[in-house]
Amino acid sequence: MVAELGRGTLLLRALPEKATSLMPVLRPVLGDQLSVKLASLRGIQNGDVVVMAEMPQETSYVRHHKQKILLTFAAMRHFAKSLAESGHTVKYYRYDQDPPHDYASMITRARQETGLTSAIATEPGEYRLLAAMQKLDDIDLHILEDDRFITSRSAFAAWAKDRKQLRMEFFYRDLRKQTGLLMDGDQPHGGQWNFDSENRKKLPANLHPPQRPIFDYGADFEDLRQFVDTTFADHFGSTAHFFWPITAEQAQQALDFFLDHCLNNFGTYQDAMALGEVTLFHSLISTALNMGLLDPLAVCQAAEAHLQRGAAPINAVEGFIRQILGWREFIRGIYWLKMPDYEALNALDHEAPLPSFYYSGKTDMACLREAITATRDYAYAHHIQRLMITGNFALLAGLSPTAVNQWYLEVYADAYQWVELPNTHGMALFADGGIVGSKPYAASGAYINRMSNYCADCKYNVKDKLGEAACPFNYLYWDFIMRHETQLAGNPRMALVYKNLNKMPHNQKSEIARQAEYFLSSLDRIGPRP
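Residues in the sequence shown are numbered from 1 upward in steps of one, following this note's numbering.
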């Protein structure tokens, strides 16, 4: 059975009957496919060879954070070891042992070394890899649909067909009905679909997140850490604070800890930011989900079970499930529906180079310094830091979407293009003109002050709108609004903003534009990263 999934791509939902009795085959597995339930590992039989490689191409197409590389290599090695211990034949190419450079050369070498002429693969998560797989012509390759997600690409395409706007909220409601999650019959549990209005509180000074579990990574981990630090010395970040799960068992431990110790406060403070608090009450399972160490539907069901037994409130459970069932599935659907043209969109014509502080963290703006420093040290920042701090500044400053997307893909341990691109390009930068979000997520310093304690430790005064001491977010916000009046004034969700702009005295507008231009021209910029 064949499914047509956008842009003419043909993927198999199941192997043709004639293929189920093939001679032994290669079964390539990528670094984000570390699940024994992977479509291409089902039906594995004697003589089949699982192929995995730490490919230089995958570490260099962008210069990933050192922790991302360390996480991927460590998790891949553990997964390969577990497959071998289960009796499967595994051909594993390590980075330090002359590995094949890319996917095509991995398949070619494995074919030459095993003599096998057929392969069964699961579709990759990124468009560039699928394109590379489809160019292979020296092997009989069957590509299976990746069914580790809650909804298929074809189902999303069917949902999106003929809709004038694609909005996550309506997609999320439909998936709630389909899965039965948080439903009482045909009605949402708790009487409403979304409890986000209850999830916007600032973190109290006397409330501190619990200490996270420490994992045992095994005897060889420190050698691998040193290898990564040395080999990828010019990549962003540090491995010193590595805390990610690298096996399915550790991922389950991380999930269980979150559900038992963090979920209760997650909802209320999920948008909060605080100095020195990196993880707050967030789940920290995005890497495990995106690598295949956890099943997304099972994660949602586990959270719902906590609600059912009274261990967590509805606003927390609904907010958490919405991030997975809603945003994660929606974003993936948008990616495959709109690629490859999507990444070239630049609806606001932003072209400014990235400021150097996105890598150094050296800026007088406390909020940006805090978010970027955490990103450097942990390969992590939570969704509001990414959207309303680094993303918001990029939007207001008119930074190039290409440069910003590359930065987000480089610096976060959970970043794969299918999830990074629509979130950054669409939601943070509005570069897609409204495909993902109904309006730009632009905000002044007032929002940052409301949701954090960053402003108390800042050189700038968040209360000042103009002047040398004024928070740059304040005048950059209104400068952005003025620059894009032609494009945005007709947006119903921006009507109040432009009503207020129209009341603003002309001399104030001129001073905002002047100060914004001066500030942006004074930033140290970097050119495109190779």
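These aren't lab readings, by the way, just hints derived from the structure by calculation. Do not take every clue at face value.
In the EDC-like style, the derived pairs of lysine to aspartate or glutamate whose C-alpha atoms are separated by at most 16 Å in a straight line are [to be verified]:
#1 Lys362 <-> Glu351
#2 Lys37 <-> Glu249
#3 Lys202 <-> Glu277
#4 Lys465 <-> Asp414
#5 Lys135 <-> Asp102
#6 Lys161 <-> Asp147
#7 Lys177 <-> Asp147
#8 Lys177 <-> Glu304
#9 Lys499 <-> Glu517
#10 Lys37 <-> Asp147
#11 Lys37 <-> Glu145
On a predicted model such as this, the values are computed, not experimentally measured, just so you know.
We went through each hint and held it up to the structure:
1. Lys362 <-> Glu351: 22 Å, violated
2. Lys37 <-> Glu249: 15 Å, holds
3. Lys202 <-> Glu277: Within the cut-off at roughly 13 Å; holds.
4. Lys465 <-> Asp414: Violated: Lys465 and Asp414 sit about 36 Å apart, past 16 Å.
5. Lys135 <-> Asp102: 13 Å, holds
6. Lys161 <-> Asp147: 21 Å, violated
7. Lys177 <-> Asp147: Violated, at roughly 19 Å.
8. Lys177 <-> Glu304: The given pair, whose Cα atoms are some 14 Å apart, holds under the 16 Å limit.
9. Lys499 <-> Glu517: Roughly 23 Å between the alpha carbons, so the hint for Lys499 and Glu517 is violated.
10. Lys37 <-> Asp147: 9 Å, holds
11. Lys37 <-> Glu145: 13 Å, holds
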